[in-house]
Each structure stands twice: as structure tokens, then as C-alpha cells.
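S.K.: Take a look at the letters that make up each chain.
There are 2 protein chains.
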Amino acid sequence: MTKILPVIMCGGSGTRVWPESRETLPKQFIPLIGERSTFQTTMQMLDDPAFERPIVISSVDYRFLIADQLREIGAQADIVLEPMRRDSGPAVAVAAGLAARRSPGTVVVVLAADHVVRDQPGLVDLCKKAAEAAKEGYIVTLGVKPDAPATGYGYLRPGAQIHEGGEVLKLEAFVEKPDRATAQSYLDQGYFWNSGNFIFRADVMQAEIAKYEPTIASAAEGAIDAAKMDLGFLVLDEASFQLAPKKSIDYAVMEKTTQAALIPADIGWSDVGSWRAVWELSKRDQHGNSVRGHGVVMDATNVHVRSDETLTTVVGVSDVIVVTTQDAVLVLHHDHGDKVKQLVQQLQRENRREAGEHKRIFRPWGYYQSIDSGARYQVKRIVVKPGERLSLQMHFHRAEHWIVVRGTAEVDCDDLTKLVHENESIYLPMGCKHRLTNPGKIDLELVEVQTGSYLGEDDIVRFQDAYNRG
Amino acid sequence: MTKILPVIMCGGSGTRVWPESRETLPKQFIPLIGERSTFQTTMQMLDDPAFERPIVISSVDYRFLIADQLREIGAQADIVLEPMRRDSGPAVAVAAGLAARRSPGTVVVVLAADHVVRDQPGLVDLCKKAAEAAKEGYIVTLGVKPDAPATGYGYLRPGAQIHEGGEVLKLEAFVEKPDRATAQSYLDQGYFWNSGNFIFRADVMQAEIAKYEPTIASAAEGAIDAAKMDLGFLVLDEASFQLAPKKSIDYAVMEKTTQAALIPADIGWSDVGSWRAVWELSKRDQHGNSVRGHGVVMDATNVHVRSDETLTTVVGVSDVIVVTTQDAVLVLHHDHGDKVKQLVQQLQRENRREAGEHKRIFRPWGYYQSIDSGARYQVKRIVVKPGERLSLQMHFHRAEHWIVVRGTAEVDCDDLTKLVHENESIYLPMGCKHRLTNPGKIDLELVEVQTGSYLGEDDIVRFQDAYNRG
Chain A
1 MTKILPVIMC
11 GGSGTRVWPE
21 SRETLPKQFI
31 PLIGERSTFQ
41 TTMQMLDDPA
51 FERPIVISSV
61 DYRFLIADQL
71 REIGAQADIV
81 LEPMRRDSGP
91 AVAVAAGLAA
101 RRSPGTVVVV
111 LAADHVVRDQ
121 PGLVDLCKKA
131 AEAAKEGYIV
141 TLGVKPDAPA
151 TGYGYLRPGA
161 QIHEGGEVLK
171 LEAFVEKPDR
181 ATAQSYLDQG
191 YFWNSGNFIF
201 RADVMQAEIA
211 KYEPTIASAA
221 EGAIDAAKMD
231 LGFLVLDEAS
241 FQLAPKKSID
251 YAVMEKTTQA
261 ALIPADIGWS
271 DVGSWRAVWE
281 LSKRDQHGNS
291 VRGHGVVMDA
301 TNVHVRSDET
311 LTTVVGVSDV
321 IVVTTQDAVL
331 VLHHDHGDKV
341 KQLVQQLQRE
351 NRREAGEHKR
361 IFRPWGYYQS
371 IDSGARYQVK
381 RIVVKPGERL
391 SLQMHFHRAE
401 HWIVVRGTAE
411 VDCDDLTKLV
421 HENESIYLPM
431 GCKHRLTNPG
441 KIDLELVEVQ
451 TGSYLGEDDI
461 VRFQDAYNRG
Chain B
1 MTKILPVIMC
11 GGSGTRVWPE
21 SRETLPKQFI
31 PLIGERSTFQ
41 TTMQMLDDPA
51 FERPIVISSV
61 DYRFLIADQL
71 REIGAQADIV
81 LEPMRRDSGP
91 AVAVAAGLAA
101 RRSPGTVVVV
111 LAADHVVRDQ
121 PGLVDLCKKA
131 AEAAKEGYIV
141 TLGVKPDAPA
151 TGYGYLRPGA
161 QIHEGGEVLK
171 LEAFVEKPDR
181 ATAQSYLDQG
191 YFWNSGNFIF
201 RADVMQAEIA
211 KYEPTIASAA
221 EGAIDAAKMD
231 LGFLVLDEAS
241 FQLAPKKSID
251 YAVMEKTTQA
261 ALIPADIGWS
271 DVGSWRAVWE
281 LSKRDQHGNS
291 VRGHGVVMDA
301 TNVHVRSDET
311 LTTVVGVSDV
321 IVVTTQDAVL
331 VLHHDHGDKV
341 KQLVQQLQRE
351 NRREAGEHKR
361 IFRPWGYYQS
371 IDSGARYQVK
381 RIVVKPGERL
391 SLQMHFHRAE
401 HWIVVRGTAE
411 VDCDDLTKLV
421 HENESIYLPM
431 GCKHRLTNPG
441 KIDLELVEVQ
451 TGSYLGEDDI
461 VRFQDAYNRG
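Chains as they are written, first to last, in UniProt numbering: chain A, 1 to 470; chain B, 1 to 470.
So that you can see chain A by itself, here it is in the shape it has in the complex (with noise of 0.2 Å):
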């Protein structure tokens, strides 16, 4: 049997999940059910002797995200960086185009790595099945049987079988985002919801791009040609991928292709578009209530209150999602998660950081989270992961006091290098050349207590950076 290549599509800014989720760590990287990420569990789910060492198509931001998160899971992936964001048609594109080097006939799996399924082994199945009608030049979509008439998804009218007796439909009829009064028609005439999976030969795909977007299509293959390998991750050619108009790939070649088939799945899918759809997928007691992390709800049902420090307390508030993190809180009634977006663009037009930021900001070396300021201080929590080293550096306008609190530092300051211990400090004057590595086998720690008239992010010379920072 010939092997299914996936691509894992890992780019989106899940802003409809905020405050957990927010552009610089999105929804498909936090464990919003359970322990692991969506992305993390998709990448488990393909472990499997069906599947080829997947891709993972992502924006060039996420790189290290990415590298840490296999890391954690133990698993391999070759990754692919879009210099830009263009939505899912040109990724797709991308993906195509990858495969069809390898061969033209190869069977490719498009997954999202933001949703949840229930049934994953199902869904394994269904991606084999999918691939032998792939295999013969269908595009396979796989349909969610409604619960709701839903606006936010894709529906697909199916049509007949593709072989007698067989569970591939025709798909008859591919259309987008419907007002509430047509999604009703379309349950009631069985139709399904669009996954935004798909199953397809690298070639068929290529085909049809390059006949409905050519633009698209060219841009594509034009960043693929140009593309250069940094640090073990592919990165898409700049010039060329930038020419690809923005386009999901639902528009660019699903509403227009008459080689589409649908496969019913039944697997327990969500697309984990709202705070709601996490409440529904929680573990929720008698009067419909789910607390994960430090929360307490009294007289009322329905409420599902996340925070993983902060004690979290409702009373007499009924269906009602509370989020809180270390530095926004979101209280938001069920019949409203459309509006976070709206949420997150006007904290966006307000300038506040909390808009996309989180307060822990990942690093390629590790991370570092502000943990208290004054008016001439701030203290940093700072962790460095095992053999990684920040860049050479020099501040004009603040000292920096480092207090090692696990592993071992070693610390270049001027002309001199030190070791710095647990329990040990060391301390960093004004204008110095220094950096930090951590050249041990465990993570390092360290509190840092910067003190001095201005504490910006900017006030940082680089004389030299691993990881080809500017």
C-alpha cells in the first residue's frame, strides 16, 4: 500500500479563543482540551504505518513553536514556512506542489491542527478509504453531519455513490458560509458540514489550482523552487509567495471543481471555533458547570471557568464562559463567542499589547515573562532550554542583576566568562557586552532584576544572534 502524505495546516491566529489564544500563540499550539495542544494530538493521531512523515505548513513565526512542541511529543515532521500569511489556498498549493516532486500521484491528507476529534483511529480509517478514491482523481472532502444550523462552516450537498456499496459520495454541491434560514434548508436536506479536511492525488490538485488560480498556482511553485533551507526549516521564497493572492481554499478550488467527493464522517469532530464549542467538549457536572484550573461556581449552571492561577469565582451568572489569564480576563455569555473577534480588533485599534501578546513571550531560546515593575525596575523571569544560548547584547540604559534560580548559567560579560550556579548571582553594569547560555542538561532559570530610567524591549544592541535574528 502506498503511503498518505499529510500536511498539517498551522497557521492560523485563533482569535475567536482569546485571551488564550492570541497571535503570538495561537489556539492550535495551547491544551485547550485536555493536556496536550490540537496540533500536538494530530501530529500523535498520525503515527501511523498509513502515514509518511508529515509536513507542517506554518507562518515563519512559529517556527520554534513548532520545533518545540514535536520536540515534547517526540515526533518528526519536516517544516515549511510561509513568509506570509495567504490563507489556505496557497498553502495548499504548496502542499500539492511539495508532493508532486516526490511523485505526482502521491495521496495527500490536508489537516488543520486547530480541531478536535473525538474518534481519531475513525478518522485514520476514513483517510485510508479517502485516498483510494483520491487515488482514482477525486478531491475528498470529509462531511460532518449537523447538529445546528450552524453559519460559521462550508456545507456539502452529497450526491451518489462513487462505486455501488461503497461510503464515497459524489459531491454535488460545495457552498460557503450560509445566512441561518438557508443552513436550516440544508439540514433538512441532509446536507454536511466541510471539515476543511481534504483527501487528493498531488497532480489532481496541481490541476486544478493551476485551472481556477493560476496566479495562485504560479506563486506556489515559484516559492517552492526559491525556497532555502535555515536552521532545518524550509522557507518559502519571499518574492514569489507574496504574488499569491489571499485566498482559503474552499474559494480557490472546492466551489468551482467537479471532482469533488465527500466521505460522511462521524468521528466526534469540532472545529473548537468558539468558547462555547470548548465548554461543550469539557467534562461538565450536573448542572452543566466545567471549571479546569483554580475556579468556583455557586447558583448557576452552564459556566465553564478556566484559569490556571488566579481563583476564579461566578456567582448567580448562568451560561457564561470565564477565562483568566495571568494578564486578561474574558467574561462572555454562550450566545456571544462570535463577538470575541470584534473584542480582540478593538483591543487591537486600543494598542493594548494583551490584544495579541501573551505575557509569556517564547523565544527560540527558551522564554522570558515580566513578573513585577516599579518605576525605575522590572524583574524577569527568564528560562533558557538546554545547549541554547541568547545573542551577544548591550543595553544603554539599564543594568541587569541575574540571581540563578535552577541549572547552571554561563554568563559572557566583556571580556570575561563565568559559570553562575543555582543560589549564585552575577551582575551586569550599564553598556556591557553579555550573554547567556545554558550549557547544561536541564533547564535554566533565572531571576533577572533590571534596574535603571528606561526599561524597553528596544534598548537592545545585537552583536550576534544564533538564531539569524535581526
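None of these hints come from the bench; they were simulated from the model.
Computed from a predicted model, the values in this text were never measured in an experiment.
A couple of the hints might just be wrong.
As the list claims (entries may be wrong) - Below, computed lysine to any residue pairings styled on SDA-like, alpha-carbon distance capped at 25 Å:
#1 A:Lys380 / B:Gly374
#2 B:Lys380 / A:Phe362
#3 B:Lys341 / A:Val296
#4 A:Lys380 / B:Arg360
#5 A:Lys433 / A:Gln369
#6 A:Lys385 / B:Asp372
#7 B:Lys380 / A:Ala375
#8 A:Lys441 / B:Gly452
#9 A:Lys177 / A:Lys247
#10 B:Lys339 / A:Thr301
#11 A:Lys135 / A:Thr258
#12 B:Lys283 / B:Thr41
#13 A:Lys247 / A:Lys339
#14 A:Lys359 / B:Glu309
#15 B:Lys380 / A:Glu457
#16 A:Lys380 / B:Tyr427
#17 B:Lys385 / A:Gln378
#18 A:Lys145 / A:Gly190
#19 A:Lys247 / A:Arg85
#20 A:Lys359 / B:Gly374
#21 A:Lys339 / B:Thr301
#22 A:Lys385 / B:Arg376
#23 A:Lys359 / B:Gly293
#24 B:Lys339 / B:Thr24
#25 B:Lys359 / A:Gln326
#26 A:Lys145 / A:His334
#27 A:Lys359 / B:Ser373
#28 B:Lys359 / A:Asp372
#29 A:Lys341 / B:Gly316
#30 B:Lys380 / A:Ile426
Model the placement of chain B on the given structure of chain A, informed by the hints.
M.R.: This is chain B only, laid out in the frame that chain A set:
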């Protein structure tokens, strides 16, 4: 004109407006409305030639808080400390006893420290008028015209004017908190709310307490007679005071006495007895929304958001209070305000620190606050007031790094004494005998990084303490 002696009752624990108000820093000491605490605004109101230097009666736990808050507004008072909580009856007995020792005819006004009065000059005027009646032997209450059949207040049934054409009325009946139907009938009959402020002659109140509650009378007298001055506070004698039963002055005297009078008070009074009351006292926009601090309200009405630091957002949820503090969030429906007390009791049963303690812990010398912690470390912000000094102490299980970020520290470490200036640090090894002093004229702020295998507050051996703590 003889002056009135104001006595401010300052001992409540204010759980109804948790999480801002907690046992360690209750309602009367926090700026619930405006920039000052209600204790401070009450004190500021008493800065009037009609009044003597006030007496503040409170729990021993709040002595340094009271001193600080007085210092902050430049006010002066005699501070009397109850060694344990005994409700308002014994406190009023002490007030009367202290006043009678000056002169039996002293007119006393007893004021609650946690009420809001919009028309403060109006209250001062009423006190003066009530004082005239008090001189004649009346115990005068301030009656507030009810605007709803509230069940949380005592009610006052007014009688005839004590002097023809005067404002002071005979008080026909003083009845405790009724049920809703009874409250409505009281409203219909023109009853007033008891605002909890009383004006009386010291000897009159003493006689009434002696008549109806002789145990309270003798306990109060004994507690005054054996009281001791400690660091400028008058501490009531524990052995005597504990003999007083816990009883409010309403039950102890007001329901029984035949000498009560009433003066109608239209002074914008609120006892701020619930979050709803706080919302009602706050400035609201045309949707009834009111935001204090960092909040955003979208598609909702009658929302009150309070958050000093954390961005707090409400979408599509109306008629709620959302309070975000550093370590606790409350989402409360307007109609469930009376359940906050229950919530706090539940949190106490679960031994949650947040039930009664703020993240910022006030001490006689200043405050500290945990800002981060990990497996074997904790980071604190410590602020020491000018001239103050922590105890000479030692820890068995932790070492400490101190980084001064503002002001100057004088540090004793075993046999050495050293000045540590801004942007300097010092290391205190495990087991060393150390002491921190602020010898300067401005606040000393430092960041403390503790490392060790046990970081509990109880790992402390105190050798000497300037504040007579154990």
C-alpha cells in the same frame, strides 16, 4: 459650644465585598469609591470645629493600618484596640466609658468607618442638631428614607417631634432586619432605615447599657480600667473585655431603650453593603456600565468592572459585577450580592488563602508581596517605610538575595552591617542572623529572591522585633 466627641468604629471584616475587601485589609481601609478609603473620608469629615479629636476603636490587627491611613491624610486620633471581636455593643460601651472619664456629660457621636455619605456637610449639621437632643438625654439615631424594602437594615418608626417645630422626632420603635413583606409594610408606614450612627451623652448610654446589659457594662469598664498603652495605642484589657458577649448595640440597647430619638437624614447615605451598592455609587455611562481601572464592556448593560492591573473584558453578559484582583476574580450577578459572604465562607472551609488574605501583606514596617515562585525559589517585592526595621531573624531552609531597586538599605548580617544602595545587591546565606532597616527618608524597595527546599513563612526565628511581635 461644647464639642462633640466622635468615635469611629473600625473593626469590621467586610466579606460582602470580597475579593477587594478581606480580613487582612477590610472594606473600610480600601478606596472602594473614589481615591480614599471610607475610613479616611470619615476622618476628613470630622476635621471641623464642632468635633474633638476622634477616637478610633478597632481590632488589634488593624493598628498599623489605621496609623498609616491617618498619616496619609495628616489626621490625628486616639486609637483604641480591642483584643478580640465583640460586635458593636461592647465597642459602644467602651466609647461611652472613655467619654465619661473626660466628663459624664460628654456628647458622643458613634460613626461607622465603612459607610459612604455623599453630603458630608449635611451629616455634620445633623450631628450638631442631634447633639442638642442628646444633651437632654436622648439617644439619637440618624434615619434614612428607604427607597426599597431592603431586608438588610434595621427600621425606625418615627413619632412626634420632641420639640415643636424641631427636626428631632421621638423614636417609637427600633426593629431589627425584617423579611421582605414586613419591610414593604414598614415602607408604607413611613419608617426609616437605621444608618448605624448614634449620638448620645456618655452617662446616658452608660446607664442604659448598665440597665439592659450589665455584663457588657462591667466588661467594658474593666477593659478600660486595666487598659495599657503600647507603641502609642490604647489596648483594652483582654481578660476583662473577653467577658463581654458578642452583641450589636441594636440588640443590646436600641431595641429596648425608651430614650431613643430619630433625626431624618437625607445625606446620600449608603452602607456599601454589597457590590451592587458599589455599582450604584459609581459613575455609569448611558448603558449603566461603569469601569474602574482596565476594563472593556461590549454588548452588555449594568456592568461594573473593577481591575487595577489585569485587562478585564465582558462580552454579552449584563447585570454583573466583575472584580479582578491580583489573585482572585469574582463574577457576580447583581441579584446575588448576599451570597458573597457564603462564597467566602466556602473558600475558608477549603482553606484557600484568598478567602481572607491579600497577596500584598501589610506589616508594621511596610509590606511584602510574592511576585513569582517555582519549585525551589520564590521572588518577593519588599517595601520598607523610612525609619522602619524588620525583626532580627534567621531562616533554616533558605538563602536570600536582596536587590535594592529604590532607596537605601542597612543590612545586618551576622557581625557585619552594610549599606546597600539602589542597584546594589547582597546575599544572605542560609542560617545567617540578619536584619533589614530603612535608614533613609524615602521608601526602600527591594526584590528578594529566596532559594531553598522549604520557603514557608514559618521558617523564621525572630530574635528581636521593634513591634513587639512574637
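S.K.: Does each hint fit the structure? Answer for all of them.
M.R.: Results for each hint:
{"no.": "1", "hint": "A:Lys380 / B:Gly374", "result": "holds, 13 Å"}
{"no.": "2", "hint": "B:Lys380 / A:Phe362", "result": "holds, 24 Å"}
{"no.": "3", "hint": "B:Lys341 / A:Val296", "result": "holds, 14 Å"}
{"no.": "4", "hint": "A:Lys380 / B:Arg360", "result": "holds, 19 Å"}
{"no.": "5", "hint": "A:Lys433 / A:Gln369", "result": "holds, 22 Å"}
{"no.": "6", "hint": "A:Lys385 / B:Asp372", "result": "holds, 20 Å"}
{"no.": "7", "hint": "B:Lys380 / A:Ala375", "result": "holds, 16 Å"}
{"no.": "8", "hint": "A:Lys441 / B:Gly452", "result": "holds, 21 Å"}
{"no.": "9", "hint": "A:Lys177 / A:Lys247", "result": "holds, 15 Å"}
{"no.": "10", "hint": "B:Lys339 / A:Thr301", "result": "holds, 16 Å"}
{"no.": "11", "hint": "A:Lys135 / A:Thr258", "result": "holds, 16 Å"}
{"no.": "12", "hint": "B:Lys283 / B:Thr41", "result": "holds, 18 Å"}
{"no.": "13", "hint": "A:Lys247 / A:Lys339", "result": "holds, 23 Å"}
{"no.": "14", "hint": "A:Lys359 / B:Glu309", "result": "holds, 13 Å"}
{"no.": "15", "hint": "B:Lys380 / A:Glu457", "result": "holds, 23 Å"}
{"no.": "16", "hint": "A:Lys380 / B:Tyr427", "result": "holds, 19 Å"}
{"no.": "17", "hint": "B:Lys385 / A:Gln378", "result": "holds, 20 Å"}
{"no.": "18", "hint": "A:Lys145 / A:Gly190", "result": "holds, 8 Å"}
{"no.": "19", "hint": "A:Lys247 / A:Arg85", "result": "holds, 10 Å"}
{"no.": "20", "hint": "A:Lys359 / B:Gly374", "result": "holds, 17 Å"}
{"no.": "21", "hint": "A:Lys339 / B:Thr301", "result": "holds, 16 Å"}
{"no.": "22", "hint": "A:Lys385 / B:Arg376", "result": "holds, 18 Å"}
{"no.": "23", "hint": "A:Lys359 / B:Gly293", "result": "holds, 19 Å"}
{"no.": "24", "hint": "B:Lys339 / B:Thr24", "result": "holds, 20 Å"}
{"no.": "25", "hint": "B:Lys359 / A:Gln326", "result": "holds, 15 Å"}
{"no.": "26", "hint": "A:Lys145 / A:His334", "result": "holds, 22 Å"}
{"no.": "27", "hint": "A:Lys359 / B:Ser373", "result": "holds, 16 Å"}
{"no.": "28", "hint": "B:Lys359 / A:Asp372", "result": "holds, 13 Å"}
{"no.": "29", "hint": "A:Lys341 / B:Gly316", "result": "holds, 13 Å"}
{"no.": "30", "hint": "B:Lys380 / A:Ile426", "result": "holds, 19 Å"}
Violation of the numbered hints given earlier is absent; every hint is satisfied by the structure.
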